[in-house]
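Protein chains: 2
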Amino acid sequence: MGRLLVVGSVAFDTVRTPFGEATDVLGGSAVYCSTAASFFAGVNMVAVVGEDFPDEHLAFLKSRGVDVSGLERRQGRTFRWRGEYTYALNEAHTLETQLNVLESFRPKVPESYRNPDLLFLGNIDPDVQTAVLRQVARPRLVACDTMNFWIEGKRDALWAVLRDVDVLVINDAEARALGGDSNLVKVAKDILSRGPRRLIVKRGEYGALMFHGTQVFGTPAFPLEQVPDPTGAGDAFTGGWMGYLASTGDFSETGFRRAIIFGSVMASFTVEAFSLDRLRTLHYKDIESRFREFKRLTHFEEIS
Amino acid sequence: MGRLLVVGSVAFDTVRTPFGEATDVLGGSAVYCSTAASFFAGVNMVAVVGEDFPDEHLAFLKSRGVDVSGLERRQGRTFRWRGEYTYALNEAHTLETQLNVLESFRPKVPESYRNPDLLFLGNIDPDVQTAVLRQVARPRLVACDTMNFWIEGKRDALWAVLRDVDVLVINDAEARALGGDSNLVKVAKDILSRGPRRLIVKRGEYGALMFHGTQVFGTPAFPLEQVPDPTGAGDAFTGGWMGYLASTGDFSETGFRRAIIFGSVMASFTVEAFSLDRLRTLHYKDIESRFREFKRLTHFEEIS
Chain G
1 MGRLLVVGSV
11 AFDTVRTPFG
21 EATDVLGGSA
31 VYCSTAASFF
41 AGVNMVAVVG
51 EDFPDEHLAF
61 LKSRGVDVSG
71 LERRQGRTFR
81 WRGEYTYALN
91 EAHTLETQLN
101 VLESFRPKVP
111 ESYRNPDLLF
121 LGNIDPDVQT
131 AVLRQVARPR
141 LVACDTMNFW
151 IEGKRDALWA
161 VLRDVDVLVI
171 NDAEARALGG
181 DSNLVKVAKD
191 ILSRGPRRLI
201 VKRGEYGALM
211 FHGTQVFGTP
221 AFPLEQVPDP
231 TGAGDAFTGG
241 WMGYLASTGD
251 FSETGFRRAI
261 IFGSVMASFT
271 VEAFSLDRLR
281 TLHYKDIESR
291 FREFKRLTHF
301 EEIS
Chain R
1 MGRLLVVGSV
11 AFDTVRTPFG
21 EATDVLGGSA
31 VYCSTAASFF
41 AGVNMVAVVG
51 EDFPDEHLAF
61 LKSRGVDVSG
71 LERRQGRTFR
81 WRGEYTYALN
91 EAHTLETQLN
101 VLESFRPKVP
111 ESYRNPDLLF
121 LGNIDPDVQT
131 AVLRQVARPR
141 LVACDTMNFW
151 IEGKRDALWA
161 VLRDVDVLVI
171 NDAEARALGG
181 DSNLVKVAKD
191 ILSRGPRRLI
201 VKRGEYGALM
211 FHGTQVFGTP
221 AFPLEQVPDP
231 TGAGDAFTGG
241 WMGYLASTGD
251 FSETGFRRAI
261 IFGSVMASFT
271 VEAFSLDRLR
281 TLHYKDIESR
291 FREFKRLTHF
301 EEIS
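Chains as they are written, first to last, in the working numbering: chain G, 1 to 304; chain R, 1 to 304.
Check before you lean on any hint, since a few could be wrong.
Copies of the same chain are indistinguishable here, so a pair counts whether it falls within one copy or spans any two.
Computed list of lysine-lysine pairs in DSS-like fashion (alpha-carbon distance at most 25 Å, straight line) [unchecked claim]: (1) K62 x K154; (2) K295 x K186; (3) K295 x K189; (4) K108 x K295; (5) K154 x K108; (6) K189 x K154; (7) K285 x K295; (8) K186 x K108; (9) K285 x K154; (10) K108 x K285; (11) K62 x K108; (12) K154 x K295; (13) K189 x K108; (14) K62 x K295; (15) K62 x K186.
No wet-lab data here; the hints were simulated from the structure.
Bound-form chain G, shown alone (with noise of 0.2 Å):
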């Protein structure tokens, strides 16, 4: 079984939907990423908090396996970040974001973790993903997120980065930007001529496509009846699917599709509740048996 290094954000969230809100609730990329993963494989995170992070978390993150020696803590304040969300689930709203700790955030990887099986590069500077590349051995796959906010402010570091990457990991909207193009098929050829192998693409509610040469791989989202905060499905899709595949060592096409339902499943169980807080009642077992449900979602006989 293959480790995962994650590097992301360490957030506080506050957040409101239609159905609830909460304040200062645990999250950011590498600790929905950290968790998802978690279920599947060993994870190390390198990521940045304040001294106002509680041990608590710390306490949950070492519960669910995640080394977390890391963890980088600073003076100062952790990131914090407020949004909200009407019945459109699939859009969040920002209304607040103070970079704290996170705005002179330069990932050092511990000696430790220099040799990942797998890295994911969660949504941070694409200078900043450079340099975490150049700290580690050259993993078997590196995935990488990014934003709009690098997309179009950072956008010849992007795609410096992108060349040393095997998946990106995005979603529609960020995927149509970087491509240039509102066409999914066309954006997905640009982006696979100028770098990496696989590109991703996250569509919240309406579930996930895969790229890779001329095969396209689509799946639906879980149907659930209750969605009462999507803040960071994304990152545990991505934690589930890489999880997966440090778990099984298969990077064949095969592989990557069964790992995209598992990373569908880590999103549809973080929906399920504000924060991290479905994660932490989760069983591998009801994971198995979402998995399941996504086949009969999904299934049709061929024709003869």
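Using the hints, position chain R against chain G.
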């Protein structure tokens, strides 16, 4: 092999998209649905046109094997729709609607059509849908479409017709409006408790969902590199699944799931050209070939 009766609109569409425009081209729900269904089964069409409807369009429908003896020709002009799409192709913007002969349309089902195996009630006044139902012997399967105009303006009449309908097929915004909730799973429960045994939700570029009892089936749409004009996709989708069901008579969950894929196939071809142009040159082997591509698009291996 069963026969499908289609009741709906025949239109002249004037459409502008980022990829081109077309003026007064053949369209309408009955035309898209009947043409798509004609690749699978015999189709009888009930609709109305004006004096301006050219013989070449009739000849096209006949060439597809569509029985147009139920196509009423009245004094006046044919229904006209003018609309536009931005790069967000999932949403049509109606610029102008001229009802013309459609305004006073009271469908008369010809004697020879009154024992249909399947019946599709296209998006027309729910009272008119009920009047059509009263003219035919109970078909094995009745499906019905509607739109927000009727959901808002004739809600009671719509619920009344839905009591006699087996399958309601609408898009997601319509489903949410009809069910009075943003959550599709809740909406489906509500609708399925009031008459229809199945709810099929059309999601455009995101595919389709089908609810039946506690079962859900979901498929992505086929990823296409060129989508010059999405007009008619929803009706071609319905023509595809109803035509396939008419051809097999297999209304089991297995049969319906395959049908939904055939519907998705027909929608995917329809959007590859303006009006019905792609369907004019389509062969059944193309349909089978794309069905198999759908299997490759969505297939993943079960876990043990």
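Hint check results:
1. Within a single copy, K62 and K154 get their C-alpha atoms no closer than 35 Å, and across copies no closer than 58 Å, so neither meets the 25 Å cut-off.
2. Proximity of K295 to K186 under the C-alpha cut-off of 25 Å is restricted to the inter-copy arrangement: shortest distance 22 Å between copies versus 29 Å within a copy.
3. When the C-alpha separation of K295 and K189 is checked against a cutoff of 25 Å, the pair qualifies only between copies, where the shortest distance is 21 Å, while the shortest distance within a copy is 28 Å.
4. For a Cα distance limit of 25 Å, the shortest separation of K108 from K295 qualifies neither inside one copy, at 41 Å, nor across copies, at 45 Å.
5. For a Cα distance limit of 25 Å, the shortest separation of K154 from K108 inside one copy, 22 Å, qualifies, whereas the shortest one across copies, 64 Å, does not.
6. For the homomeric pair K189 and K154, the shortest alpha-carbon distance inside one copy (21 Å) is at most 25 Å, but the shortest distance between copies (47 Å) is not.
7. In this assembly of identical chains, the alpha carbons of K285 and K295 lie at most 25 Å apart only when taken from the same copy (15 Å versus 28 Å across copies).
8. Within a single copy, K186 and K108 get their C-alpha atoms no closer than 37 Å, and across copies no closer than 47 Å, so neither meets the 25 Å cut-off.
9. Taking the shortest alpha-carbon separations for K285 and K154, neither the intra-copy value of 42 Å nor the inter-copy value of 47 Å comes in at or below 25 Å.
10. In the homo-oligomer, the alpha carbons of K108 and K285 never lie at most 25 Å apart, since the shortest distance is 36 Å inside one protomer and 58 Å across protomers.
11. In this assembly of identical chains, the alpha carbons of K62 and K108 lie at most 25 Å apart only when taken from the same copy (20 Å versus 72 Å across copies).
12. In this homomeric assembly, K154 and K295 never come within 25 Å of each other (Cα to Cα): the closest approach is 40 Å inside a single copy and 39 Å across copies.
13. Proximity of K189 and K108 under a CA criterion of 25 Å is satisfied in neither setting, with 34 Å inside one chain copy and 51 Å between copies.
14. For the homomeric pair K62 and K295, neither the shortest alpha-carbon distance inside one copy (32 Å) nor that between copies (41 Å) is at most 25 Å.
15. For a Cα distance limit of 25 Å, the shortest separation of K62 from K186 qualifies neither inside one copy, at 43 Å, nor across copies, at 37 Å.
Hint check: violations occur at hints 1, 4, 8, 9, 10, 12, 13, 14, 15; the rest are consistent with the structure.
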